[in-house]
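> Spelled out, the chains give:
Protein chains: 2
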Amino acid sequence: MPKVVDHEQRRRECEDALWRVVSRDGASAVSVRSVAAEAGMSPTNLTHYFSTRAELLGAVVRRHVASVRAAAGEIGPEGVTVEQAIRMLMAVIPTTPIRRRQSEIWLLLVHERQSSDVADGLLRSVQRLVQQEVVAGLEGLRRAGFLGAGRRIEDEALLLHALIDGLSVQSLSDPRAMNRARVRRLVTQHIEQLTRPLQA
Amino acid sequence: MPKVVDHEQRRRECEDALWRVVSRDGASAVSVRSVAAEAGMSPTNLTHYFSTRAELLGAVVRRHVASVRAAAGEIGPEGVTVEQAIRMLMAVIPTTPIRRRQSEIWLLLVHERQSSDVADGLLRSVQRLVQQEVVAGLEGLRRAGFLGAGRRIEDEALLLHALIDGLSVQSLSDPRAMNRARVRRLVTQHIEQLTRPLQA
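Protein chains in written order, with our numbering: chain U, 1 to 200; chain F, 1 to 200.
None of these hints come from the bench; they were simulated from the model. Don't be surprised by glycine CBs; every beta carbon is placed ideally from N, CA and C. A few of these clues could be false.
[To be verified] Okay, the calculated bits of chain F under chain U, using three or more residues with CB under 8 Å as the criterion:
#1 116–129
#2 157–166
#3 170–178
Just chain U, with the same shape it has in the complex (with noise of 0.2 Å):
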């Protein structure tokens, strides 16, 4: 009887392999050799499902991208009420181990972009999908009638955004100093001053 492979099957495991390669030894320890030993296959066999390193590092990133967004939620149409938008912050920057663990492939994309088309390209993918949820929230945020009179959705997007970022590599660089309470605060007294007005 020939021997039945059930492709999709094997690439789901690939995909779980390489996914507890990165949230148990971070970004950097992807490889084509390392996620193929975690899967109990051969690197040859590994690459009929993923042929580079840079096809994994896209994968993890899909990956990681959905999970941020499930943790986040939905945007109904009735929008975002402050603690939604408190909430939806938390669940985008990093703040326990496993969540810095996948954050570093952002990490690591940065360190590679200049020489690698694919960590830019990706990088910019990630960053363009951020800065859509942010603008996302925000609109959810004035529907609710909690953005401030005056307030510019682009510009308040572009800081909020910088924010995420700012406080995501300090928690990734310090976690003891930037940890989970630290992070709620700022975020909290950030979305606070946006529900005020913006005065002339």
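Position chain F against the provided structure of chain U, taking the given hints into account.
Chain F in isolation, oriented as in the chain U frame:
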């Protein structure tokens, strides 16, 4: 006649070579071997002045911090105007190709901190210095009468520091989108907010 070596002079030559490597090739290119080649000496000879890559990175960090401080200028007893605050922030956030190269040292340290106590220590000292400068800048704004009523320096310093780090990482990751003009606009917007009272 015995050969007289001016060790201070040689050390300065090593530091200059180190700085050329960073400014031209980025922080990841720093190694005892690459800096020795740039200085036109043997690796063994270089190790009389810098015995490990970690010591080289430490020297890069000190020089980078010193050059940023010099560019930001002194804060006098009369305090800091809004325009001065903006200029200081523009000196800290990398927005030119050479400043971006030099700032890669920071991301490299974040990247390496988990596997290197030296990188972790250097990173903390950089973050502490930036934090001190930010606090000094905000105190200067207050002395000159430009900090809005009700604003607590401790809180505003943490938010401003996160904003600096976020704009820096975005400038490194997408220099065309986060260009000098956009950084200036966002920094100006944030500082102008700081001049307004914090409404309870």
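> For every hint, state whether the structure bears it out.
Cross-check of the supplied hints:
A stretch counts as covered by a chain when three or more of its residues have a beta carbon under 8 Å from one of that chain; for the stretch 116–129 of chain F and chain U the count is 3, and the coverage holds. Figure legend: the stretch 157–166 of chain F, annotated as covered by chain U; annotation consistent (8 residues with Cβ-Cβ distances under 8 Å, at least 3 required). For the stretch 170–178 of chain F, the assignment as covered by chain U holds, since 5 residues bring a beta-carbon within under 8 Å of that chain's beta-carbons and 3 suffice.
Checked against the numbered hints given earlier, this structure breaks none of them.
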